[in-house]
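J.: Please work from the sequences and hints to get the whole structure.
Number of protein chains: 2
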Amino acid sequence: MMRELSVDLGEARSYPIYIGENILEDIVELFKRRGIPKGSPLLIVTDNLVAPHYLDRLTGLLETGGYKVLHTVVPAGEQSKSLEVFEQVITAALQGGLDRNSTIIALGGGVVGDLAGFSAASYMRGVRFVQIPTTVLAHDSSVGGKVAVNHRLAKNIIGAFHQPQMVVYDTATLKSLPEREVRAGLSEVVKHGLIWDREFVAWCGEHSEELLNLQQAALQHALYEGCRIKSLVVSQDERESGLRAVLNLGHTIGHALEAVAKYQELLHGEAISIGMVGAAILSVRMGNPEYIYTETKKLLQKFRLPVSIPEHMDTEAIMRAMMHDKKFKEGTMVFVIPADIGKVEIRGNIPADWVRETIEQLKKEA
Amino acid sequence: MMRELSVDLGEARSYPIYIGENILEDIVELFKRRGIPKGSPLLIVTDNLVAPHYLDRLTGLLETGGYKVLHTVVPAGEQSKSLEVFEQVITAALQGGLDRNSTIIALGGGVVGDLAGFSAASYMRGVRFVQIPTTVLAHDSSVGGKVAVNHRLAKNIIGAFHQPQMVVYDTATLKSLPEREVRAGLSEVVKHGLIWDREFVAWCGEHSEELLNLQQAALQHALYEGCRIKSLVVSQDERESGLRAVLNLGHTIGHALEAVAKYQELLHGEAISIGMVGAAILSVRMGNPEYIYTETKKLLQKFRLPVSIPEHMDTEAIMRAMMHDKKFKEGTMVFVIPADIGKVEIRGNIPADWVRETIEQLKKEA
Ligand SMILES: NC(=O)c1ccc[n+]([C@@H]2O[C@H](COP(=O)([O-])OP(=O)(O)OC[C@H]3O[C@@H](n4cnc5c(N)ncnc54)[C@H](O)[C@@H]3O)[C@@H](O)[C@H]2O)c1
Ligand SMILES: NC(=O)c1ccc[n+]([C@@H]2O[C@H](COP(=O)([O-])OP(=O)(O)OC[C@H]3O[C@@H](n4cnc5c(N)ncnc54)[C@H](O)[C@@H]3O)[C@@H](O)[C@H]2O)c1
Ligand SMILES: [Zn+2]
Ligand SMILES: [Zn+2]
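Top to bottom, those sequences are chains A and B. The first sequence maps to residues 1 to 366 in UniProt numbering. The second sequence maps to residues 1 to 366 in UniProt numbering.
Since the hints were derived computationally from the structure, they do not count as laboratory data. What you are looking at is a predicted structure, and each value in this text was computed from that prediction instead of being measured. What you were told as hints is all true, and nothing was included just to trick you.
Identical chains share a label here; the pair holds if one copy fits it or two copies do between them.
Cut-off 35 Å, straight-line C-alpha distance, at most; resulting in silico cross-link-like pairs (DSBU-like, lysine-lysine):
1. 262 - 68
2. 68 - 155
3. 364 - 297
4. 343 - 155
5. 302 - 175
6. 363 - 297
7. 298 - 343
8. 302 - 343
9. 262 - 363
T.: Right under this line is the structure:
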């Protein structure tokens with residue numbers, strides 16, 4: 001069984017997301033359906049932890065289907081989202097003779113997706129791009145067309161908007177993903193519920209164990225809903241002028257925690273889990289009902305995600321990191337705040353003191 | 001007096017080109033008219049040969065107008081169109097605190113335009129971009145939104161389509177441009193005539209001396225017409241699907257000559273001057289009237305542009321360089337061929353032998 005979802009962005013750039021177990025087997029049929037040309041070589045970009053599991057199989061399938069297939073393997077981890085590794089991908093594209101009709105394929109998580117996507121956006125000023133996500137978190141990065149690499153001074157600062165031709169989400173690939181990565185990815189799934197869909201939040205609460213155990217039907221439903229919600233938001237605001245900011249629930253505090261932990265101690269999904277609890281605390285502080293906080297926290301705990309800030313992290317360092325965040329426009333503090341479960345608001349002028357109190361409280365959460 | 005031209009690309013991305021002597025003085029007024037925001041810093045990108053002439057003045061004008069202005073100076077020359085220098089521009093943008101509402105300004109020729117343009121396209125996934133061209137050739141690069149840097153294996157291979165907010169073409173700045181650069185730039189002006197407008201070709205023939213002497217009225221007319229023709233072509237084919245290829249008249253042979261000369265001996269405009277004579281030879285070889293060749297050659301000679309290939313250049317090396325050119329789709333040779341003066345056609349399947357003969361003949365031209 002295969003679920004299909006369409007990301008709607010106006011005729012020329014809308015694209016399908018296919019979700020299902022073992023649908024990698026159908027890749028040639030899907031490529032054909034989408035008109036990926038055979039005359040020009042394909043380039044698979046993947047990382048050294050994903051490659052041993054799936055690279056040969058994907059290559060074999062595509063070759064059997066009549067495609068010429070090249071690949072480049074980058075080191076696993078965030079440090080591959082750099083201009084140096086980007087140049088390595090472009091070199092591979094040039095040496096492999098990729099032309100304007102070629103397609104660059106991301107086989108991996110969000111890191112490989114962002115890197116391969118920016119390469120596809122820039123090579124010859126833009127070639128086709130296909131995403132084959134292999135992490136739970138990548139349900140998030142496969143919708144929206146945001147692709148980027150990092151600069152040593154800032155994350156995701158060098159990038160483009162480049163929509164994929166399609167996303168082929170084979171949920172069987174998630175079986176090899178480390179458990180902690182599964183949990184962290186589910187944090188973004190829950191986030192999509194919290195910003196948009198109370199019913200889906202309730203469903204997540206009831207199916208946390210199935211999701212953590214990668215039970216396929218539940219997993220596919222969750223990824224489908226996560227992609228659906230993100231794509232609804234994105235298609236209403238493709239170039240990030242306003243609405244899209246709701247996707248940053250938990251990210252203001254989350255990004256600061258990641259930075260202070262030097263991207264070592266906390267995974268992104270773990271950091272935003274804590275950040276979502278923080279946003280709920282601020283919400284209550286602003287006068288919203290207490291259950292927003294208690295339910296958010298309970299839900300994230302069901303997914304065995306962290307809900308408190310490790311004590312050794314310095315409050316002022318976290319505050320400083322937030323001040324550097326892009327989301328602070330001209331000095332004022334902007335936050336995405338839950339107005340209810342499944343509903344958020346963007347609020348400006350949040351007093352820095354409230355945020356500081358929230359950080360302190362997050363250090364005391366159990 | 002100021003000429004104004006609009007590049008039409010659908011509401012959101014159309015932009016004006018202003019052409020006139022000393023219109024740099026009006027920059028603040030023009031920025032205001034276009035709504036360039038004052039709250040966010042501007043970054044001027046320029047090169048070390050242009051900076052001494054115009055950087056202080058431009059900075060002073062903008063600061064007097066209430067803008068916060070930063071700059072980064074890159075080494076003059078094609079080698080600055082690299083990922084390394086691109087990273088330098090991004091670093092300057094980050095260190096200067098540029099945000100999403102900032103504007104990157106290219107002050108210089110096509111090199112600075114392409115580099116600053118790609119930086120503006122990529123920084124935070126796209127910020128505003130303004131072009132202040134200071135070469136004749138840059139009339140070409142300021143229309144069309146093509147921005148790029150080079151890879152050591154291929155020119156312009158890493159790039160984007162990113163339209164400027166506006167182009168402010170102060171023709172007084174051309175007075176400091178070396179004469180050889182003036183001539184090379186006029187080669188592209190003539191090219192725009194040859195592909196599109198017989199009358200303008202005739203006008204160019206009559207005004208070559210005024211143009212070479214930078215007589216202002218003639219110069220402004222020529223740049224206006226060059227921009228107008230390019231913008232007509234581009235607005236009909238923004239993403240380069242077909243028509244836009246006519247702009248490559250003279251470029252297939254021209255690029256090969258530049259490559260064989262290792263980008264040392266011939267300026268781009270000089271190389272395409274020779275290439276345009278080559279295209280005219282092929283045209284006659286295909287059965288078109290002889291005057292296409294004689295008039296093309298005479299016109300280019302009036303501009304003291306080269307019309308023959310330096311004898312020491314190896315024919316086979318030139319042929320090989322052409323085979324590497326992007327314009328050869330799947331092995332067949334595609335050429336832009338004049339069908340008449342002011343009119344071109346795109347022809348596929350040109351026998352390699354005809355091209356070889358043409359190269360040989362170009363070595364014998366006087
Ligand atoms: N573009 C967007 O809109 C967007 C949205 C969210 C996140 N992101 C980006 O995504 C990145 C994080 O994504 P991620 O969490 O997927 O990280 P990731 O790509 O680094 O994957 C996490 C780890 O799991 C390994 N892995 C991946 N798939 C595997 C599999 N099936 N089996 C075994 N190991 C596997 C990887 O090698 C890596 O070590 C960040 O760089 C973030 O900025 C982008
Ligand atoms: N984007 C496009 O559509 C497009 C079109 C055509 C060419 N280009 C690119 O443009 C570049 C060539 O442009 P160019 O010929 O303007 O080269 P350039 O920018 O290198 O300028 C030529 C030389 O003149 C100097 N100079 C520039 N303005 C001056 C002035 N007013 N006074 C004194 N010196 C001055 C520069 O320092 C440089 O040494 C190439 O990289 C080419 O790929 C791009
Ligand atoms: Zn996130
Ligand atoms: Zn040119």
